[in-house]
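Participant: Which chain is which? The protein sequence lines are A and B, in order.
Residue numbering for the first sequence follows the numbering used here, beginning at 1 and increasing consecutively.
Residue numbering for the second sequence follows the numbering used here, beginning at 1 and increasing consecutively.
If you are wondering where the hints come from, they were derived from the structure by calculation, not from laboratory data.
Treat each hint with caution, since some may be false.
[What the hints assert, rightly or not] Subject to a maximum C-alpha distance of 16 Å in a straight line, what follows is the list of computed EDC-like cross-link-like pairs (lysine to aspartate or glutamate):
(1) 373/B with 353/B
(2) 2/A with 155/B
(3) 252/A with 219/A
(4) 340/B with 86/B
(5) 342/A with 353/A
(6) 342/B with 11/B
(7) 2/B with 200/A
(8) 74/A with 200/B
(9) 186/B with 200/B
(10) 2/A with 148/B
(11) 74/A with 195/B
(12) 2/B with 86/B
(13) 74/B with 124/A
(14) 2/B with 148/A
(15) 74/B with 200/A
(16) 214/B with 317/B
(17) 234/A with 200/A
(18) 340/A with 11/A
(19) 2/A with 124/A
(20) 256/B with 157/B
(21) 338/A with 86/A
(22) 340/B with 299/B
(23) 93/A with 299/A
(24) 340/B with 157/B
Protein chains: 2
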Amino acid sequence: MKINIPESNQERIVIIGGGFGGLMLARKLSYSNYQVVLIDRNNYHQFQPLFYQVAMAGLEPSSIVFPLRKHFQKIPNVYIRVTEVEAIDPVNKRLQTQLGHVNFDHLIIATGANTNFFGNAELEHKAIPMKSMGEALYLRNRILDDYEKALSITDYEQRQGFIDIVVVGGGPTGVEIAGSLAEMRKYILPKDYPEMDCSEIDIYLVQSGDKLLKGMSDEAAAKSYDFLTKLGVKVILNNRVTAFDGEWVTMKDGTKLHAKKVIWAAGITGAILPGLSTEAIGPGNRLIVDRHCRVQGQEHIYAIGDIALMKEDAYPEGHPQVAQVAMQMGKYLAKAFKNKQKGREVQPFAYRDLGSMATVGRNRAVVDLPNWKFQGFFAWLVWLFVHLFQLLGTRNKVMVFINWVWNYITYDQALRLIIRPRIVHPAAEQTTKGPDANA
Amino acid sequence: MKINIPESNQERIVIIGGGFGGLMLARKLSYSNYQVVLIDRNNYHQFQPLFYQVAMAGLEPSSIVFPLRKHFQKIPNVYIRVTEVEAIDPVNKRLQTQLGHVNFDHLIIATGANTNFFGNAELEHKAIPMKSMGEALYLRNRILDDYEKALSITDYEQRQGFIDIVVVGGGPTGVEIAGSLAEMRKYILPKDYPEMDCSEIDIYLVQSGDKLLKGMSDEAAAKSYDFLTKLGVKVILNNRVTAFDGEWVTMKDGTKLHAKKVIWAAGITGAILPGLSTEAIGPGNRLIVDRHCRVQGQEHIYAIGDIALMKEDAYPEGHPQVAQVAMQMGKYLAKAFKNKQKGREVQPFAYRDLGSMATVGRNRAVVDLPNWKFQGFFAWLVWLFVHLFQLLGTRNKVMVFINWVWNYITYDQALRLIIRPRIVHPAAEQTTKGPDANA
């Protein structure tokens, strides 16, 4: 069956993915002379940079995600569809989704990236990724659950498994998680678990390279290492996690760590959809695009953001997979489409690096601006301000701000709740399948 | 194995359930000369009266639940254990839980009540109850999911199944859910789903008796009926839902309603734990207790709240199963235990009815005070104030207040998010089982 979208004489642009890139594109095409269909598996845009704070019980999911429908409420030419895309049919210019198929004149793939376990099935099944809200909440529950269980374990070695945590990946996410775990151990757990000796809790951060925050300046790398070790995080460089059986973590050099929780922030891989020729798929599972974001070998299909692999002279290996690139590509493509209707050409895309930053915790962050690098309290304020500012929606800004102030003043996070999803009986589940189920 | 709780020379009081009754009891026994062990399956106390607002996307779970550990952080004689109780062993004065067993000198059963499907397995599997946060969130997701799906359904009759909702039970919960669904249809859906004809959405409220809010005054009953019908809710009295196959709802009089969602707020039944003699179990699956909350035939086991069936002259059938009774019994029992150590007797428990209230929506509520009954805007303000005031924790009060003001001013609820829990691979699940799994 066909997804029910009103026919119009406007050309139809279908965007897959409401992340930073896809959302920006749809916003910039609002009120334009195109019919825009934005498809996402979620009914909200999620602000990934703050996932780790949800996992650490510092923020509510609702504070860092924003309902897509709310955003486009009054915009006549943008249609939201919440469903999974199953396949792309470039020849017939048609998309197959769980709700049915939809035709397009132009297709923009903004599906982003998934966690990369480098083909290690065991890790994929047992390590905890951080690429979705569901995963962030799962991690929150796991951490709290395991502390509760640890209370009834008298055997030291066995208890270690429940309370120690291994974070894999020295990028911003890994650094931020390790940092806030260390602060949780320092400020919150001793109050919540007076019976527990919190000095027993070990937090490991494993990075395969010889420095943290690869891609940022050496000052940032050194300072973040310094901050983390001061917080008591055991930073392990030049090593890799090779196996994890759910109880023991095995490292490349043979050392073993006893931890039931491995947080995997070690890499991402493009979220490719079936239907495109494999020649278009480059390193890192990214779609090779030209300087106009057009997918190699395709005339009407474009890719932006983490999934796109565009080579600029300054970036021979493609751009870094960060929100900035995605948003700039989204803006660029919107402009290109509008100009097209006016018969105007656009310059090839060129990425403008606005800098990067990461926070380690209270009063501690590192910021690299194109020609200014600084760390510490001011960097932390800048980090807070930039992230607060980038959040979609006034309510979110207000809520996050209140929570941050609250947590800062009280040295506390109020959201230490293990909220378990309702287990649905299979019989009931059927009734939630959707229209095609009744066809 | 044994739950690891420090030995002490204090008598040990074990409380099962951190609801209104159990929490009150533990609070009043803080700093007393008893060792108190509070056991709950959740690590938080939940404020059930506002569940429906979570389901209706008006509030965040975290705003109406409060971490038990946070509440008892500085209290030396109260121990929290988060686990499921499996059985009571009155003879050996011992409790079996998923974390191991624990001995008690005195046991207080404050397990409350579960949804009562009156033995109808089909309804139990397919209707949606409202007795836990997980269920409230599930309902929120179901409602939003189904509206998304409805957009792609061109067939009118089939679409009805996805957008119509049947609420069963004319008590406060049923009335409040039906009311807020009607407001969602009126204020929010037309903005979010401009493509949908919201007048197609039918909201039914089914009540077996001949009036709503049984137990409240006739004025309250009449006014709430009036409010609901004005909001466009189809209130069906003197009828019952007898069957629900996930697609069609069958009523006692044979009429059928097309709805995939049946919200079940039609009754509760005591949450009995195995181990007690069946003679102690009275009507409604409640434990028969004397005027001192002592379970019939038991010397050291007590029951309070929804699970307790105590007969007073004024309440020959037992007390209403509401928070007030549970809290008063909790207070009473704490006093009784303290007096016991002082060798003092306490009077038999006597319930003091402080009145009851329910809200139908914006500016509309009904309040019955012992000698004053009123409805409308002022009643609504009273309702808001009382519920805000009863919430545990300053942060919760602040957050709920902000949300209420926000929703009131914007005619909007910002939390329309379908956040799906992470699906955990069975292999991974093992590692979350807890210590006994490794034994």
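Participant: Next, verify each hint and record whether it holds.
Facilitator: To see whether the hints hold, each was checked on the structure:
{"no.": "1", "hint": "373/B with 353/B", "verdict": "holds (14 Å)"}
{"no.": "2", "hint": "2/A with 155/B", "verdict": "holds (13 Å)"}
{"no.": "3", "hint": "252/A with 219/A", "verdict": "violated (28 Å)"}
{"no.": "4", "hint": "340/B with 86/B", "verdict": "violated (29 Å)"}
{"no.": "5", "hint": "342/A with 353/A", "verdict": "violated (29 Å)"}
{"no.": "6", "hint": "342/B with 11/B", "verdict": "holds (14 Å)"}
{"no.": "7", "hint": "2/B with 200/A", "verdict": "violated (22 Å)"}
{"no.": "8", "hint": "74/A with 200/B", "verdict": "violated (21 Å)"}
{"no.": "9", "hint": "186/B with 200/B", "verdict": "holds (12 Å)"}
{"no.": "10", "hint": "2/A with 148/B", "verdict": "holds (14 Å)"}
{"no.": "11", "hint": "74/A with 195/B", "verdict": "holds (12 Å)"}
{"no.": "12", "hint": "2/B with 86/B", "verdict": "holds (14 Å)"}
{"no.": "13", "hint": "74/B with 124/A", "verdict": "violated (40 Å)"}
{"no.": "14", "hint": "2/B with 148/A", "verdict": "holds (14 Å)"}
{"no.": "15", "hint": "74/B with 200/A", "verdict": "violated (21 Å)"}
{"no.": "16", "hint": "214/B with 317/B", "verdict": "holds (15 Å)"}
{"no.": "17", "hint": "234/A with 200/A", "verdict": "holds (13 Å)"}
{"no.": "18", "hint": "340/A with 11/A", "verdict": "holds (12 Å)"}
{"no.": "19", "hint": "2/A with 124/A", "verdict": "violated (35 Å)"}
{"no.": "20", "hint": "256/B with 157/B", "verdict": "holds (13 Å)"}
{"no.": "21", "hint": "338/A with 86/A", "verdict": "violated (29 Å)"}
{"no.": "22", "hint": "340/B with 299/B", "verdict": "holds (14 Å)"}
{"no.": "23", "hint": "93/A with 299/A", "verdict": "holds (10 Å)"}
{"no.": "24", "hint": "340/B with 157/B", "verdict": "violated (66 Å)"}
This entry does not satisfy hints 3, 4, 5, 7, 8, 13, 15, 19, 21, 24, going by the numbered hints stated previously.
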